Amino acid sequence: MRYWSILFAMAAVGAVGAFLYAYFSPDWWLPNPPGDFHHSVSRFGREIDKLFFIILAITGAVFVGTQVVLVWAMHRFADETDAQGHPVRKADYFHGSQRLEVIWTIIPAGILVFIALYQMGTWAEIKYRSAAPKVPPLAEVTARQFQWVIRYPGPDGKLNTVDDLVVVDDLHFTRDRMALIYLRSSDVLHSFFLPQLRVKQDAVPGLTIPVWFDADRAGDYELVCAELCGWGHYKMRGKVYVHETEEQLRQWIDEKLAEQNRSRLTMTTAPNGR
Amino acid sequence: MALAPTDAVGPKPGSAGVRHAPVPSHSAPVTPGKVAIWLFLATEVMFFTGLIGSYIVLRAGSPRGAYSNLYPPNTPLRGLENSRGVVLRSIGPDRSKIEEVLRSLGDRKPDEAEQVIAAVPHGVVPARSAERAEALASALRSAGAVVEVEPLKTFEWPKPYDDAVNPLAINLTAANTFVLICSSVTMVLALSAIQRGNRAKCTLFLLATVVIGSIFLSVQVFEYRQLMFEHHYPSGISANGHFVPSCSLFASCFFTMTGLHGLHVTAGVLALSVVLIASIFGAFSASNYAAIELTGLYWHFVDLVWIILFTIVYLL
Amino acid sequence: MSAELASSGTPGEAPTQGPGHGPSHDHDHIHPAPRFFLFRYVFSTDHKVIAIQFLFSGLIFSLLGGLLALAVRWQLAWPWKPIPILSRLLWADPSAGYQMPPEFYNKLFTMHASIMIFFVVIPVLTGAFGNFLIPLMIGARDMAFPRLNMVSYWLMWPGFILILYSFFVEGGAAEAGWTSYPPLSEWKWSTPGSLNGQTYWLLAVMFSGLSSLTGSINYITTVLMLRAPGMKLFRMPMTVWGMFITALLQAFALPVLTSALVMQTLDRVAGTNFFEATGATVANAPAIPGGGGPILFQHLFWFYSHPAVYVMILPAMGMVSDVLSTFSRKPLFGYKPMVIAIGGIAGLGFLVWGHHMFQSGMNPMMGATFMLSTMMIALPSAIKVFNWLGTMWGGRLQYTSAMLNAIGFVSMFVIGGLSGIFMAATPVDIHIHDTYFIVAHLHYVLFGGSMFAIFAAVHFWFPKMFGRMMNERLGKIHFFLTFLFMNTTFFPMHIIGMHGHPRRIADPSIYEFLRGSGTLGMNQFMTVSALVLGAAQILFLLNFLYSLVLGRKAGDNPWRSNTLEWTTPSPPPHYNFARIPTVYHPPYEYSVPGVEEDFLLQTQPRPAKAGPLDPIMA
Ligand code: HEA
Ligand code: HEA
Ligand code: CUA
Ligand SMILES: [Cu+2]
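Protein chains in written order, with the numbering used here: chain A, 1 to 274; chain B, 1 to 316; chain C, 1 to 618.
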């Protein structure tokens, strides 16, 4: 019955094949802008993707190695019986090998320590508070059930003043500039996830967490809530727009402010006096 | 002797599986019962580690200004830094007059006046400014009350013996702790009595342990009643005057830890009562006292946990 | 090495020779089985009966858990389309087109995972197989505390009832995920399932936890105290080692979860503030004093639940080791390193819980240390995998259903473990955290790992449990379909997860980047696969039930295996062993040179010709 090895070989080939195929398919590979689906638009994204590749290569090699051994063993050492039903071959009798044990502890240990140390820097750069860029904050993002409330500094350039612009589910920033936001939550846990930019950070009630990221390409992206936050978790989606220049961003903020003032004005002068 | 184990199935509790020991030597000092009780205590240690660990984390992480002597726990104190509070130490001879002053000048809701009076000598009326505090204070003084004006002091966590923020009856509980330690002593005596074969003495000491344990529990229940229903406390302890689990993080921790410990004591008293009854009926002897030993271990453990809890919740 | 032991047995007690030792003449020493049905099969203190009770309850709950999973899959492939038959029963409201309400989706995966973990895998692995095998494999007549053992089963029942009842309370079942993070799980108005369902969930999990706790104390004591003469620690089968170390994990980790659950329950019902931050509430709810820490709960939860994932894999690894060695007709490769690896996994398992919290707002420096420890935990796992391969190498592999499922375990565990490395790498976890990559990982280790081990164990020990063989042909077809369709169900999840598909969302088509045919088509493909996978389980069910009554009668030792349980009749009598056996050597002496048979029961001395055992490996 050595044909069972084929089933296992199929699974392994399928697994490797799926990743190979995925590499050529924009719908499957890491999410990136259409047109150039192998290019992550953010600096951290590119570092993360590189790491992803390295680990994929290492684990892929380990995977192929173990599966080859497994399938080969299944094929080679399958029980066979002769016409009388007696086994053709006796199983070997040994209890292990100290040398092998040492080898296959040391080598994976080396690999794992390498992976661990190699990525330490990237992690620090992305998350350590001390690495936060020294720029004025782009916005304060407050998650609440099923909305992202985003507060941009108004004309005075300061956050939490009366002239701030407050919009919902609409994140704008400028390309090639580190955007720094303060992430908060006003009710339960949420998570600020920009798949195309490889950003993710939970929003925790009671904490204000700085998050920073950039994009080297203007255009539309998406903001996802990645932490279960209630019945409407699935639809807690925000739009992200990356402007070409800082002026365009300011212009958008001014327009929005004007728009909101106009509606506030119409509200106060409504006939019923409200 | 062909087979050592005879009652592999359904051994009596306590002596469980003693004769079931696998290896030839039957004088092994470790019985399955003892192994199990130590394991059980290990799980209990982990359980209280979870609680105490949370307590430490929460206490260290509770935001500055979470507790103040004038405002209920976790009132945002931003903008209130300069406020004063009028602390009513005694209301003097005329209660109704004080009530009236509080109602007219303190611009408070009617039942709040009663709350403040009920909390005397720590009745606190917060006032936004020094002038208003002084005005209220002098009005109260002329009505015969003894009052003080205190500035806002903020705390990270209620300190012991600070009546403005900490309602716990530390002296009473200290005495109660001593009571519980005594019960550990009687437990030890009960065990050593039966080990020497003295059944009557053992029964007596068991009885003493049960009684002392019950006293501890009663005092704890009494303290809970005082905190939750009887006494009124200043607003720095609770917004509505009573100290209940929901009024602050401090209260949450206090009630959860002491309450769960209380449940353990209750379980211990019940177990000891069973042992006591068994002892009255002569179930134990100098060679058969495993049940006493095992419940004793549990009892000492509960005692030890209390000493830790008392130290960190009441004294630190 | 074997000679010195012969003396440790009671004089005159010749080791039982092989299977089948007829009616015992020692009956007067042994309690007979209770006569009454109620005490014999329901309130039994016999570890074997309790094991079977756990097994049946677990398998029944696995049907429910599986059905919930299939409903999850349906919604993902065809969002908001009514499920055939089911929708009409559940939402008798044609005006909404029998459409599933969005919160119901959250209930589905929450209850799916909770049931699968707390009411299927843990009870079946430790409750059923732990109970059945520990006394039999170490040569004891029962657990150290048979009555406590019974209590530990019946403690499951309040859990069973509460978790089922929770579907029917106002607001419905819990829907905060199996991780149940506050504040979502605490504030009653944050989502319908938190109204009442969550309280029932908490109580149910607490009962299941109490059951595991009492069980684990019993197991540890039994293993430490009741081993047969000659059964040294390093002669215990891997299964017993797995169960033993699992019990230690449970004993030290579960109480912490219990404390967290107690605190969450109190937050819900008594208004305490452990996990509620100052100044946050859901829309329009009254303000709370707060001051607590939402992240604290995650620490407490994962301090248990990371070890818990090893609770779900260590017994599986143990049983798979036994099955692999038996059907390779060859000693386990590196028995002692395997034992040490299990210990290493368990020990390190206590140091890595933070890897679930890399993006939670926990201090990123702690993230870096947790990353290191998580990487290290792959090492003992590596040792295990390589040793399994070493066991098969040079063997005489017999592809029984049990063996196939065991090899399936090895193959699938490698995939699941390797995907763990991606997530352990903190920067990569930024992207794949809370995506389907995680879902893929957890199903490869839980379905590909724990479930395959359960299938292997059921096929392997069924003859001992019930005295009848399972049907091999059906077993193989079941394995073939399960293996194939489990891969097609779960492997694509890696890919869509890498593409950013978030987990726990009811309708992926909301997002533009998921609208491409890749993810949508994949979702449908996976759902169809899952349906077939579910249907394939019917074969298992049929085989199980059919063999129970009509299976071929099994002899005492149908697999020609070495461990002590095979020296007893099938099914073993109430007292297991007429004579307590004496053990002469480690459990994996297959194909010993100089022995005619290709196996050597642990109760038979090794022939001198076989030479001394390797002291480091065996
Ligand atoms: C049985 C259950 C089980 C097991 C055994 C594991 C094993 C491992 N898990 Fe898994 N895990 C889960 C169940 C399990 N996990 C579950 C249920 C979740 C999700 C919880 C939730 O959020 O709902 C989860 C989530 C989870 C996360 C969190 C992801 C996130 O939410 O962002 C992480 C992160 O580090 C992780 C890592 C690992 C690692 C490193 C291992 C390692 O132990 C794996 C080690 C094994 C190998 C590595 C393979 C064999 C080794 C070799 C062949 C040798 C050579 C290898 C190399 C040199 C690389 N797991
Ligand atoms: C042991 C654990 C286990 C098992 C076996 C499974 C099995 C399956 N799971 Fe599960 N799953 C989890 C644990 C498990 N899962 C966890 C922990 C989560 C995370 C939840 C969260 O986010 O909180 C999850 C989440 C999860 C999701 C993600 C939901 C989301 O994030 O939105 C999905 C989606 O496809 C899914 C699908 C499936 C499918 C199709 C199966 C199929 O394999 C099911 C097929 C099986 C059956 C149909 C029944 C099987 C058995 C029998 C029939 C036995 C025979 C009976 C007798 C002999 C009596 N699961
Ligand atoms: Cu907000 Cu999910
Ligand atoms: Cu983990």
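For the record, the hints were derived by calculation from the structure and aren't laboratory data.
Keep in mind that the hints are not guaranteed to be accurate.
Straight-line alpha carbon distances no greater than 20 angstroms define the calculated EDC-like cross-link-like pairs of lysine to aspartate or glutamate that follow [said to hold, decoys possible]: (1) K239/A <-> D79/A; (2) K235/A <-> E597/C; (3) K81/C <-> D507/C; (4) K336/C <-> D176/A; (5) K159/B <-> E99/B; (6) K235/A <-> D254/A; (7) K235/A <-> E596/C; (8) K134/A <-> E259/A; (9) K609/C <-> D92/A; (10) K158/A <-> E80/A; (11) K476/C <-> E140/A; (12) K239/A <-> E597/C; (13) K90/A <-> D598/C; (14) K476/C <-> E80/A; (15) K50/A <-> D170/A; (16) K134/A <-> D156/A; (17) K256/A <-> D163/A; (18) K90/A <-> E125/A; (19) K90/A <-> E597/C; (20) K239/A <-> D156/A; (21) K239/A <-> D598/C; (22) K50/A <-> D214/A; (23) K235/A <-> D156/A; (24) K90/A <-> E596/C; (25) K34/B <-> E293/B.
Only a predicted model underlies this, so the values are computations on that prediction, with no experimental measurement involved.
| For which of the previously enumerated hints does the structure constitute a violation, in increasing order of number? | 1, 2, 4, 5, 6, 7, 8, 10, 11, 12, 15, 18, 20, 21, 23
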